[in-house]
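Asker: Sequence:
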Amino acid sequence: MDAHYQLDRDLLNLTSSNVNDIVVHLSYTVYLEKEKLMYRFVDTLVTRIPIRVQSIDSYATLIHFFAVKSTKFTFKEKFKSYLLDKIFEKPYIDFIYNKIPLFATLRQCIKLKVFANEEIRTRALEDFSFTSQYSLLKALFFLPEIESQQCNDILSNFVSIAFKRSNLGINAQFLESHIQNLTENNYSLLLECIHSGSFYNDIANSIKNDDINQLIHLTNITEFDINGRVQDNLFEHGLLCHSNPTYISYSCFYGSLKCFKFLLLNNADMNITDDQNGFCPEHYAIMGGNAEIIRIVNQRRFDTRCTLQLAVLFYREDVFEWLLNTRKISVKNDDENFGNVVHMCSISNNFRALQHCITLGAEINDQGLDSLTPLQLAICFNSKECIQLLLNTKTINLNTINKKQHTALHVASMTGNCFAIKKMRKKECNPNISDANNWTALHFAISTNNYKCVKALLKFSDIDLSKKTIIGETPMLLAMHYGNKEIIDLFVKLNVLDPNDKSNSGVSALHIAFSQGLTDIIKYFLSLQNCDVNIANSMGQTPIFECVSHGYVEGLKILMSRNDVDVMKKDIFGQTIFTIPKLVENEEIVSILKNYALEHKIKI
Numbered sequence: 126m127d128a129h130y131q132l133d134r135d136l137l138n139l140t141s142s143n144v145n146d147i148v149v150h151l152s153y154t155v156y157l158e159k160e161k162l163m164y165r166f167v168d169t170l171v172t173r174i175p176i177r178v179q180s181i182d183s184y185a186t187l188i189h190f191f192a193v194k195s196t197k198f199t200f201k202e203k204f205k206s207y208l209l210d211k212i213f214e215k216p217y218i219d220f221i222y223n224k225i226p227l228f229a230t231l232r233q234c235i236k237l238k239v240f241a242n243e244e245i246r247t248r249a250l251e252d253f254s255f256t257s258q259y260s261l262l263k264a265l266f267f268l269p270e271i272e273s274q275q276c277n278d279i280l281s282n283f284v285s286i287a288f289k290r291s292n293l294g295i296n297a298q299f300l301e302s303h304i305q306n307l308t309e310n311n312y313s314l315l316l317e318c319i320h321s322g323s324f325y326n327d328i329a330n331s332i333k334n335d336d337i338n339q340l341i342h343l344t345n346i347t348e349f350d351i352n353g354r355v356q357d358n359l360f361e362h363g364l365l366c367h368s369n370p371t372y373i374s375y376s377c378f379y380g381s382l383k384c385f386k387f388l389l390l391n392n393a394d395m396n397i398t399d400d401q402n403g404f405c406p407e408h409y410a411i412m413g414g415n416a417e418i419i420r421i422v423n424q425r426r427f428d429t430r431c432t433l434q435l436a437v438l439f440y441r442e443d444v445f446e447w448l449l450n451t452r453k454i455s456v457k458n459d460d461e462n463f464g465n466v467v468h469m470c471s472i473s474n475n476f477r478a479l480q481h482c483i484t485l486g487a488e489i490n491d492q493g494l495d496s497l498t499p500l501q502l503a504i505c506f507n508s509k510e511c512i513q514l515l516l517n518t519k520t521i522n523l524n525t526i527n528k529k530q531h532t533a534l535h536v537a538s539m540t541g542n543c544f545a546i547k548k549m550r551k552k553e554c555n556p557n558i559s560d561a562n563n564w565t566a567l568h569f570a571i572s573t574n575n576y577k578c579v580k581a582l583l584k585f586s587d588i589d590l591s592k593k594t595i596i597g598e599t600p601m602l603l604a605m606h607y608g609n610k611e612i613i614d615l616f617v618k619l620n621v622l623d624p625n626d627k628s629n630s631g632v633s634a635l636h637i638a639f640s641q642g643l644t645d646i647i648k649y650f651l652s653l654q655n656c657d658v659n660i661a662n663s664m665g666q667t668p669i670f671e672c673v674s675h676g677y678v679e680g681l682k683i684l685m686s687r688n689d690v691d692v693m694k695k696d697i698f699g700q701t702i703f704t705i706p707k708l709v710e711n712e713e714i715v716s717i718l719k720n721y722a723l724e725h726k727i728k729i
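Counting from 126, one number per residue, gives the positions in the sequence shown under my numbering.
There are no misleading hints in this set.
Computed list of lysine-lysine pairs in DSS-like fashion (alpha-carbon distance at most 27 angstroms, straight line):
1) Lys528 / Lys548
2) Lys682 / Lys648
3) Lys552 / Lys580
Hints were generated in silico from the structure; no laboratory data involved.
Produce the complete structure using the sequences and hints provided.
Answerer: Pasting the structure below:
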């Protein structure tokens with residue numbers, strides 16, 4: 126882990142003053158030479174940006190070097206593609222604020238011409254839903270690349286009644302009042318908001334940039350409240366700055382020493398908490414990591430609640446050691462909202478702090494954020510070193526379920542974390558545990574069309590391929606429904622595909638094969654001795670009905686060429702394939718049926 130630790134050091138310490146030196150240093154490391162390590166580099170980069178938001182421009186410069194300028198780096202296209210995959214990866218839990226600094230970094234990369242508009246447009250609209258906050262957020266940040274009538278629809282949905290009543294309500298009000306000029310002048314206002322991390326808040330911007338002269342100027346020309354708050358806004362880069370912190374807390378987060386001292390000298394109240402987490406200046410000072418600010422705050426007041434958690438989340442190692450050794454804070458302390466310190470280690474992949482906490486007896490199976498265990502959180506955030514550490518700890522319980530009745534293996538399958546699946550296969554992990562809908566990890570992997578995860582799960586020696594969902598679908602039936610030929614082929618190779626396997630509604634694998642037009646699988650099924658070509662679903666319809674209903678000409682020809690297919694089979698409504706209304710939708714189907722009826726003297 127030492128090489129990865131050094132990578133962490135470089136990425137965490139990146140600033141505008143040292144970015145060129147760090148780029149040169151990284152260009153001589155193994156991360157440019159091996160594809161596998163390039164992926165690890167991206168994984169680490171994407172998890173570090175949200176906790177070092179002051180360096181967003183520097184991260185964009187770093188990405189630009191590897192994606193465009195470097196002459197040594199041979200994986201540029203794979204690097205760019207994987208980076209976009211990770212940035213646009215849908216979060217397992219309903220927490221979207223860590224995406225904002227990532228999207229802001231990506232906007233800077235677009236400005237540096239790292240990515241083409243079409244690449245961004247495709248990702249921004251992938252799996253888009255107007256009812257999803259995450260979908261609307263990513264679309265909003267990349268409206269210039271979408272460039273269509275959809276832009277107005279996206280903005281309109283942001284200001285809908287539903288969103289006004291949500292935690293994004295204040296942002297909906299802003300968008301509603303600026304909905305016209307956001308898209309004017311090549312989206313200049315939108316781009317300015319994204320880059321600055323705020324909308325029309327000069328005080329917040331002056332504090333963020335530690336511009337003491339501007340702050341003093343603003344206090345003289347406005348009705349300035351020394352205990353005022355930085356109101357939540359959709360563009361705020363700070364991971365935990367969406368809780369309306371006071372000005373002095375905000376200065377602590379951004380390490381703005383001059384502004385902090387000015388506010389303190391003007392009697393800013395240090396006892397006022399933010400609106401959501403109950404955090405005071407000391408909490409924001411730990412996030413910001415400025416030693417001088419922490420020292421001053423500590424002399425005046427210091428609420429130790431959740432301080433260890435914040436220190437590991439934001440990789441403030443010196444502060445972490447100080448809290449442990451001087452403040453004597455226990456690693457077993459738990460917080461209602463943030464869980465224990467192990468949960469935060471798992472989110473941030475702070476594996477060195479995690480190792481220390483485990484040595485000190487920290488609980489590793491407790492449920493924290495969204496009822497997830499440390500291992501489940503590590504999987505969600507792809508914290509590979511923490512996953513390994515937790516799995517190597519003797520007291521780990523792999524089969525703990527969260528409030529959604531998902532185990533760590535479920536979470537790994539849903540998030541496409543093949544690394545975690547492979548590691549858990551070597552441990553005592555039960556692959557057959559079902560959630561409330563009787564879905565196993567394998568069902569989830571199939572539903573996300575993740576070939577690698579399905580392949581990894583099928584290697585579990587005790588996996589039960591007959592497990593059915595609440596509607597009676599086995600993993601094989603689900604794979605047929607999704608029509609992923611690569612995944613279906615895995616079941617073919619295992620010789621477990623049963624054409625007569627039925628769901629609760631009586632739909633068989635053979636029905637699905639014909640409805641999906643899976644010609645190769647159909648031929649495979651028909652070669653099996655046990656294949657029932659006249660198997661009926663709950664509506665009394667056989668596979669040949671699927672051919673007619675879905676206009677599958679080749680399938681119809683295959684079945685009508687066989688002697689064992691009952692072409693006169695009636696469904697529960699008394700209809701045959703010659704009389705069902707949908708046959709008129711496809712002229713070729715109509716022609717085949719008419720010719721067959723004429724040849725066999727069937728009245729239709």
